[in-house]
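Keeping their order, the protein sequence lines are chains A and B.
So the first sequence is residues 1 to 504, counted in the numbering used here.
So the second sequence is residues 1001 to 1163, counted in the numbering used here.
These aren't lab readings, by the way, just hints derived from the structure by calculation.
Be aware that one or more of the hints could be misleading.
To be verified - Cross-link-like lysine-lysine pairs, in silico, BS3-like; alpha carbons within 27 angstroms at most: (1) A:Lys283 / A:Lys250; (2) B:Lys1130 / A:Lys427; (3) B:Lys1085 / A:Lys221; (4) A:Lys221 / B:Lys1130; (5) A:Lys492 / A:Lys283.
As the list claims (entries may be wrong) - Ranges of calculated distance between the beta carbons of each label pair, as one might list FRET restraints: (6) B:Leu1010 / A:Ile462: 28 to 34 angstroms; (7) B:Val1096 / A:Phe22: 38 to 44 angstroms; (8) A:Val473 / B:Ile1039: 19 to 25 angstroms; (9) B:Glu1102 / A:Val460: 53 to 59 angstroms; (10) A:Val191 / B:Pro1128: 50 to 56 angstroms.
The beta-carbon is built from N, C-alpha and C at its ideal position, and this holds for glycine as well.
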Amino acid sequence: MGEFLHYFPQALSFANMVALIFGVIGGLILGATPGLSPTMAVALLVPFTFHMDATTGLVLLGAVYTATVAGGAISAILIKIPGAPANIATLLDGYPMAEQGKAQTALYICFISSLVGGLFGMLVMILFTPPLARVAIQFGAPEMFWIALFGITIMAGLSSGSIAKGLIAGMFGVLISTIGYSPILGVPRFVFHDTLIGGVAIVPALIGLFAIPQVFSMGEKLGITYSRPEYKPERGILLKTLVANLKMVKALGIGSVVGTIIGAIPGAGGQVAGLIAYDQTRKFDKAPESFGKGKPEGVAVSESANNAMVGPSLIPLLTLGVPGSPTAAVLLGGLLIHGLFPGPDLFLKHPEVTYTFIGSLVLAQIAMCVFGILLSRYSYMVMSVSNLYMVAAVTVLAVYGTYSVQNSFDDVIIMFSLGTIMYIGSKFGFSSAPVVLGVVLGPIAEDNFLKGKMIADATVGIWRYFFTGTANVIIILLCIGSVAYSIYGEVKLHKKLKKREEGL
Amino acid sequence: MINRDTAVSLVVLAGTVALYLTLSMFHPGAVIFIRVIVIIIGLLALLLLAQSILLKHGIKGSGTAQVPAETEKVSVSKKPHFAWKPVLLIFGAILVYFFVMEQLGFYVSAFLYFVGVVFLLDWRGLTPKKGFMRIGIAFVFTALVYLLFSVILLVQTPRGLLL
């Protein structure tokens, strides 16, 4: 806490505040735009932060991350399409409120509750991150190797319906990361064309894997038109809503606590936080049947939960280098292009960057609420942007962003090739997030594997070096648990489907 | 007829075997880690094959954004369908964009790509007013990108004969 307070004023510098406000407004707009995922929005911004000071760049990415989660509630409430998976629970009561002519109240509740949950989650993050980082500093090559694999297993389970496909995608990402020169011997591998001499950099991979498949899939859905949202602005309801919202102590409390706990578990995901918190509040309510019919508490609990998970979801990223969500994986890319390696070193070698980033996330929560309320009356305009323009605009930004990092047209070719392969893969049930994580964590896994192998060969042997020791055993068990849990879920789903089929 | 996942697992398995054989072309020390990864992928392909045979139901994404089907019916006036034609058009337009970018420079080619895509993908019922509006939007977008990145952030862009 002491370090946080020491570095907090740096988050208030002019450049950081400009980045923060720009990021929050942009994030709210991108989050509210149907068809644009928050992960893709942050991925498109990563290369532009390369030209900024590392701290300012991270402030911008953090602000966009925070605001896209809340911005996704706008489309959930107004047109019943959640802008992000985290906003699924919000539409259950948010949309009925809009149908009843209370869209403005629902949006105000959404932003105020997001602020309450978000600040609670940030407080937990500030208290728990440094002690965890101190534990992680004890880790050597074998632990870091297992942690990299753990990150891939988490994302494999989170992003794909099939754990086998998720893991294949993750390992494919690791293979992509091995293109280029071998880290220890300096021998070229898979360099079948000059374009691949430098290997696959993080930015082309991030943008290609997240943005290009989305461009193609937006192209598929050109015929979709969204119904015009109901929004009747009223004067003087902000104060009334604020007072009523703050009285929803139970909903805000359950949302904040559930969101924080789930956010800290790598891979659990925001949509789970919102839905679990919503379900618990309904169970504890005196009139559970009123949920789903436009109950303000339903919006409050969902939004406080999904914003409470923003801070804690970054704990595994900042302490271990393991992103807990696809967007956190993109933020990891943002750290790496500035030469910042997440993990304990981040707090020791770059405390000014790390603590300023954390401080800016707190400010971003406040800015998100203020600008969300101010801009909510114009939010319906975002819903009317056609996919036609989004296809063109996202492609241009993807090309521009990829080129600008190394001024390399080869990177643009790599970005587009990876994106096209990923789009084809998505048609067969493979998703982008594990591949990205494989590309990002692959070099960490390979470096630590090779270092560990050399030490092991010279000392106790591979088995004892990699498979014994408390930390190794715990992380290996976590990897196995993560895979086993996903397989259990698949088998359970299969049985459910079979039972349903037999019932027909 | 074989299940889709069975076909995917067989393709991955064949790819893994081919890749494993290719590794002998490289220095053994440089590909030791890759060899481990390839073996893991092979084992995963076998797991997928077993799953596709034992669990015949297609398992849809459990962790991704699953919007309930009834949700979309209310606010979406037309059901999404899989359309190859626009995807191929976009793919072709991007290839032309890359080719033109090196000749004409980033901004001119970006403007032409924007205009080309919005006209190619939706030309039915096009009126002169709509056409001018689309060109105007493409111009404003390109100008904003130029202003923000080349004037304010001073980022270098691909240069051609033109801007």
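Structure-based check of each hint:
Distance check on the hinted pair: Lys283 (chain A) and Lys250 (chain A) sit about 12 angstroms apart at the alpha-carbon level, within 27 angstroms; holds. Distance restraint check for Lys1130 (chain B) and Lys427 (chain A): the Cα-Cα separation of roughly 34 angstroms exceeds the 27 angstroms cut-off, and the hinted pair is therefore not satisfied. For the proposed pair Lys1085 (chain B) and Lys221 (chain A), the alpha carbon gap of about 11 angstroms is at most 27 angstroms, so the pair holds. Distance restraint check for Lys221 (chain A) and Lys1130 (chain B): the Cα-Cα separation of roughly 20 angstroms lies within the 27 angstroms cut-off, and the hinted pair is therefore satisfied.
Taking the CA atoms of Lys492 (chain A) and Lys283 (chain A), the gap is about 24 angstroms. The hint holds against a cut of 27 angstroms. Between Leu1010 (chain B) and Ile462 (chain A) the CB atoms are about 32 angstroms apart, so this pair conforms to the stated range of 28 to 34 angstroms. Hint check: Val1096 (chain B) to Phe22 (chain A), Cβ distance near 33 angstroms, so the stated range 38 to 44 angstroms is violated. At about 23 angstroms, the CB distance of Val473 (chain A) to Ile1039 (chain B) agrees with the hint of 19 to 25 angstroms.
Taking 53 to 59 angstroms as the suggested C-beta distance range, the pair Glu1102 (chain B) and Val460 (chain A) conforms, at roughly 55 angstroms. Between Val191 (chain A) and Pro1128 (chain B) the beta carbons are some 52 angstroms apart, a value that agrees with the proposed interval 50 to 56 angstroms.
In this structure, the hints that do not hold are numbers 2 and 7, in rising order.
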